[in-house]
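Trainee: As you go down the protein sequences, you meet chains X and P in turn. To convert, note that position 102 of the first sequence is 102 in the working numbering; the numbers rise steadily by one, no gaps. To convert, note that position 222 of the second sequence is 222 in the working numbering; the numbers rise steadily by one, no gaps.
Hints listed in this document are in silico derivations from the structure and should not be mistaken for laboratory results. Be careful, since some hints might not be right.
Stated by the list, open to error - Pairs of lysine-lysine, BS3-like flavour, derived with a Cα cap of 30 Å:
#1 P:K132 / X:K169
#2 X:K7 / P:K11
#3 X:K11 / P:K101
#4 X:K168 / P:K11
#5 X:K168 / P:K68
#6 X:K168 / P:K132
#7 X:K97 / P:K207
#8 P:K101 / X:K97
#9 P:K68 / X:K7
#10 P:K241 / X:K97
#11 P:K68 / X:K169
#12 P:K101 / X:K168
#13 P:K14 / X:K169
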Amino acid sequence: MNTLLLKMFLKQMFRNPYAWGWGFFFVSFWLIMGTYVFSLEMPTGLPAETYFSYTGSWFSMSLVYSFSALAVGIVESTYHSSFSLRYLTRYSTLDSKRYYLVSIISTMVFFSVFSILLGVETSSIYSFRFGVQLVPKKPFELTLASILSALFIYVLSSSVAYLILVLKKPRLITFASFLPLVISYPLLFLQLYVDIGYIVVLSPFNAVNSLLYHYYSGISVPRGPIIKSGQASAVIEPSYFWASLISWIFLLSMLNLILIGRQKGISIEELRQV
Amino acid sequence: MGIRLQNVSAKYSKTRIIDRINLELNGGDIILGPNGSGKTTLFRTIIGINVFSEGSIEIDGVDTSRIKSTPGLLSTNLEEVYNLLRVPVRDLAKLYIELGKGDFSRFLSMVEEFEVFGVLNKRLDELSAGQKRILCNLIALAMDVKYVLLDEPFENMDPARRVKMAKILMNWDGGIIMNTHATWLLDEFSNWRAHLMFHGRMYGPIKVDDLLKARIVEGRREDSISFTIGEKSFSLVSGDKGLCLTEIDSLDRLFEVGL
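With the hints as extra help, turn the sequences into a complete structure.
Mentor: Take a look at the structure:
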């Protein structure tokens, strides 16, 4: 693995003001709203489980939105680097496998830092607000779920970028880069308030949300809306969410491999239309 | 063995930019043509980053489609190949030069010579067109490669830096292949070979020295290089009549003559 390339990837990601703005500060704003505005009618002295459920649902949704916001950058950089990559894989020591490995590792590191920061922020401000220590119940599993979520977002974003390259539709790139955000937003809200049936397992965004909620709060994900967790008699085992998430990662990785093989790039003139 | 193109065509979407070109480049070559004649597309096609191309291109006997992970063969100043990451130019240059097994200290000394040290902490997209051109030239020249393809290497540069760049290229110990629409520099490269390019077609080669002595006259002449601009044909002939290339600053003027 090329350490200089890894260093540069991380530098690019950590110095991206849009990633910090939308992926951290904007999400932090909503986390604070969840603590001090939306919880105004929440009485004190409730069982700790209620506060854990509330905090867990805010954390899980915030992290999915943060990752989806970061996905915009992944789609665009994958798309725009296609020319450079074709040049470098011919006339330098770089090969495409090494490039993708470095790209995946740096994305995971970057996303993990955001997970840690948002996790620390959530547990600090919600603990302070409710006077109960609200640290994640299962930090190891939560970390693992965050890392796999990052991997899912990466393969999804690169699939979207390669699909645009294969279809040769450069004008779609801006819309396509927002797809993870556009899809995740309604799905997560639906899961919070209504019973969406099997979609909660089949949708990768809901699977990620459910895993993060479960491992943060220690509460099983109900078959109905999350807002009614604790009241529901039927729950969904985390293994279903893991299976869904891993299957999606596998399927999208396969799709990526097919699309990488089929894409021949687009002309620089078409690239400039964006 | 050089870069050999056989019956090469290239297009963007449905527009044909390069039309059945046969060409051999060994270094010390200037592709001379007005803006829009297909010079940059030709370089993109040689490098292998053009999407729609036909024909055969070989570099030192190897088909370009088979070239993989081969540092030391070719470098270029084409801006679109430096889009891998949005990092400061210093980091970008270091990465490309390391991956291409070039010499980063040579890059830094040339940066000092061109007095562009101050912009190394900016990203390429934050630079002026002239600064971008200089830095892309310098990254390409810092590679230890057999062929350096320079697309309009003097474009948007101030006169002092143009002269510096010309001196570097004249004394370069390696195969420089450049394209330009400017004719002012031809005097400096009199022992190079020129290939004329109009409307995606190549004419020549001709020694720059001979090109400088030649005159452009209307019509086709036997035993001379003839080319077409618009619907008119022109020929390069010896003698006193006609337009001398050194009389015009840019080949774009030929279109005015053609009209």
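Trainee: Each hint: holds or not?
Mentor: Here is what the structure says about each hint:
Between the alpha carbons of K132 of chain P and K169 of chain X the distance comes to roughly 28 Å, so the proposed pair stays at or under 30 Å and holds. As the CA atoms of K7 of chain X and K11 of chain P are separated by approximately 37 Å, the hinted pair breaks the 30 Å bound. Restraint check: the Cα-Cα separation between K11 of chain X and K101 of chain P comes to about 22 Å, which is no more than 30 Å; the hinted pair holds. Our distance criterion of 30 Å between C-alpha atoms is met by K168 of chain X and K11 of chain P, whose separation comes to about 15 Å.
For the suggested pair K168 of chain X and K68 of chain P, the alpha carbons sit about 24 Å apart, so the restraint of at most 30 Å is met. As the CA atoms of K168 of chain X and K132 of chain P are separated by approximately 28 Å, the hinted pair is consistent with the 30 Å bound. Between K97 of chain X and K207 of chain P, the direct Cα distance comes to roughly 45 Å. Violation of the 30 Å bound is thereby established for this hinted pair. At roughly 19 Å between alpha-carbon atoms, K101 of chain P and K97 of chain X fall within 30 Å of each other, so this suggested pair holds.
Our distance criterion of 30 Å between C-alpha atoms is met by K68 of chain P and K7 of chain X, whose separation comes to about 24 Å. A C-alpha spacing of about 61 Å is found between K241 of chain P and K97 of chain X, which places the hinted pair above 30 Å, so the restraint is violated. In summary, the hint linking K68 of chain P to K169 of chain X is supported, as the alpha carbons are separated by about 27 Å, within the 30 Å threshold. Between the alpha carbons of K101 of chain P and K168 of chain X the distance comes to roughly 33 Å, so the proposed pair goes past 30 Å and is violated.
Taking the CA atoms of K14 of chain P and K169 of chain X, the gap is about 15 Å. The hint holds against a cut of 30 Å.
The structure does not agree with the numbered hints 2, 7, 10 and 12 stated previously, though it agrees with the rest.
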